[in-house]
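*Asks:* Start from the sequences, fold in the hints, and give me the full structure.
Residue numbers (the working numbering), protein chains in the order written: chain A, 1 to 111; chain B, 1 to 115.
By construction, these hints were calculated from the structure, which means they are not laboratory data.
Stretches of chain B that chain A covers, calculated by requiring three or more beta carbons in the stretch to come under 8 angstroms of a beta carbon on chain A:
1) 39-49
2) 104-111
Subject to a maximum C-alpha distance of 30 angstroms in a straight line, what follows is the list of computed DSS-like cross-link-like pairs (lysine-lysine):
3) A/Lys71 / A/Lys56
4) A/Lys37 / B/Lys11
5) B/Lys57 / A/Lys37
6) A/Lys56 / A/Lys37
7) A/Lys54 / A/Lys68
8) B/Lys57 / A/Lys5
9) A/Lys68 / A/Lys37
10) A/Lys71 / B/Lys57
11) A/Lys68 / A/Lys56
12) A/Lys68 / B/Lys57
13) A/Lys37 / A/Lys54
14) A/Lys5 / A/Lys68
15) A/Lys5 / A/Lys56
16) A/Lys54 / A/Lys5
Computed list of chain A residues with no C-beta within reach of chain B, every gap over 12 angstroms:
17) Gln14
18) Ser28
19) Gly60
20) Phe62
21) Asn67
22) Ser69
23) Pro79
24) Ser85
25) Asn110
From the three backbone atoms N, C-alpha and C, an ideal C-beta is built for every residue, glycine too.
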Amino acid sequence: DQQVKQNSPSLSVQEGRISILNCDYTNSMFDYFLWYKKYPAEGPTFLISISSIKDKNEDGRFTVFLNKSAKHLSLHIVPSQPGDSAVYFCAAGTSGSRLTFGEGTQLTVNP
Amino acid sequence: DTGVSQDPRHKITKRGQNVTFRCDPISEHNRLYWYRQTLGQGPEFLTYFQNEAQLEKSRLLSDRFSAERPKGSFSTLEIQRTEQGDSAMYLCASRRFRGRAGELFFGEGSRLTVL
Chain A
1 DQQVKQNSPS LSVQEGRISI LNCDYTNSMF DYFLWYKKYP AEGPTFLISI
51 SSIKDKNEDG RFTVFLNKSA KHLSLHIVPS QPGDSAVYFC AAGTSGSRLT
101 FGEGTQLTVN P
Chain B
1 DTGVSQDPRH KITKRGQNVT FRCDPISEHN RLYWYRQTLG QGPEFLTYFQ
51 NEAQLEKSRL LSDRFSAERP KGSFSTLEIQ RTEQGDSAMY LCASRRFRGR
101 AGELFFGEGS RLTVL
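*Replies:* In structure tokens, the structure reads:
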């Protein structure tokens with residue numbers, strides 16, 4: 001039962017343009033959502049999070065949007081930079097419990 | 001830098017052998033998690049500890065897998081009688097009890113290859 005799903009295994013964008021990564025979930029009990037970034041040979045690192053009581057959270061070039069009615073989460077990166085090239089994982093959890101991760105999306109930002 | 005460290009980084013073993021991985025979390029973090037990641041998939045939860053207490057185990061964690069955190073500091077994950085399906089990256093993560101919800105600090109992982 002894949003409760004968190006990222007349907008796009010890869011995304012390629014030009015430097016300076018917007019990158020939009022998407023994530024869908026099925027468990028309505030999730031009360032917080034996160035995005036992690038992973039470079040090769042490193043562990044995932046936290047990028048940005050959002051509580052289920054919000055619909056938007058912004059941190060510099062990164063914005064996460066939450067649409068609870070659609071059970072959909074997205075990450076916007078503006079402007080995209082070559083250093084943003086990495087695998088991005090969507091994750092979700094309920095208070096006090098484990099995180100459930102999506103499969104990941106490989107983002108490539110071309111100079 | 002006192003991030004999460006894992007040892008060994010790579011382990012190649014033959015089917016049927018036992019292997020043990022060690023994780024040293026960030027020192028002030030009292031929660032420690034083990035995840036497993038296979039190619040093309042995201043990390044899958046295995047188990048977690050608060051201090052020395054193992055609070056949750058996934059159904060993925062068969063009886064061949066055992067994890068300990070004897071003094072609430074480092075943790076070990078042992079896999080007995082390894083199978084080829086155990087080949088994966090084993091990730092350890094830690095967090096503070098009152099840290100940001102869901103914010104885990106991951107180590108670089110221990111890659112297991114079972115021949």
